Amino acid sequence: MTMDGAERRAAVRERYARAATVEDGCCGPSDCGTPVAGSGRATAAEEISCAVGYDESEMGRVPERANLGLGCGNPVALASPAPGETVLDLGSGAGFDCFLAAERVGPEGRVIGVDMTPEMVERARANAREGGYCNVEFRLGEIEALPVADGVVDVVISNCVLNLSADRPRVLAEVMRVLRPGGRVMISDLVSERAVPDFIATSRRSLVGCLPVQVGEYEADLAAAGFVGVSVETGRRYPAEHILADPRVREVVRCEPWREGEVREFVESIHGGVIEAVKGGGVA
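Using numbering that gives the first Met the number 0, read the sequence shown as starting at 0 and increasing by one per residue.
If you are wondering where the hints come from, they were derived from the structure by calculation, not from laboratory data. Don't take every hint at face value.
Derived CB-CB ranges, DEER-like [to be verified]:
| hint | residue 1 | residue 2 | range |
| --- | --- | --- | --- |
| 1 | 140 | 268 | 31 to 41 angstroms |
| 2 | 213 | 106 | 38 to 48 angstroms |
| 3 | 144 | 227 | 20 to 30 angstroms |
| 4 | 140 | 218 | 19 to 29 angstroms |
Remember, predicted model here, so these are calculated numbers, not experimental data. Glycine included, each C-beta is placed from N, C-alpha and C at the ideal position.
Turn these sequences into a full structure, and let the hints steer you where they fit.
Right under this line is the structure:
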């Protein structure tokens, strides 16, 4: 039986509350190479982050407890926010991407992070105080009902979050509402050209947090919300070993060992997607 929306939100909230308090990331660790300068051996969060597109300098510039290794891309680098812009981060977690965006928009700009997990918001606010970020704020709320006024945002970013939503079309409608005309969207998310196998999609032990969205679904949802300039690209392959090491994935295989090959094949089809779109009506 598939989880309904309320059950899915509760499962996601529980999982990310645990990530905020005990640093239990989305997927298991793997060595992607060089440790962050000055930190000795790379942590699991640092390993995942360098595997999906962050560099040592970015990881070293934010408060130490901001990077939980929960992303699948680097949307701030891709979006390149300009000085003075307002950036909104959907599912801002402990604030990693918000702090990187804050550097780019400068003191005249503004960054708003929205997360539905109180423990994450508390941790992000503590990180902002520690780092002395005066142009960043964190708000508790669901991305399906953003606590943000109409038409005040220049850039919306998100990192491996919309795949968790039980109502992605509603999220995109909210994004359309809060963006200014000509505002842009830059999302990093897990995508695949393949549908999620039924036995995974209906499993209550499933990969909440590591399930991809089909490329065509993203394209259709963005177009239906009224966005233009829609582009969904499969970027670098998400490190399969991170997902295969996740305890929830191992539990699926343990309970149905004959499916191990199918699980591995599906996991290896998952990429960090680069999803772009624009709200029409901007100055030509």
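Do the hints match the structure? See the list:
For residue 140 paired with residue 268, a C-beta distance near 33 angstroms keeps the hint of 31 to 41 angstroms intact. A hinted range of 38 to 48 angstroms holds for the C-beta pair residue 213 and residue 106, which are about 41 angstroms apart. Under the hint 20 to 30 angstroms, the C-beta atoms of residue 144 and residue 227, about 24 angstroms apart, fit the expected range. The supplied range of 19 to 29 angstroms is met by residue 140 and residue 218, whose beta-carbon atoms lie about 27 angstroms from each other.
Every hint, counting from the list given before, is met by this structure.
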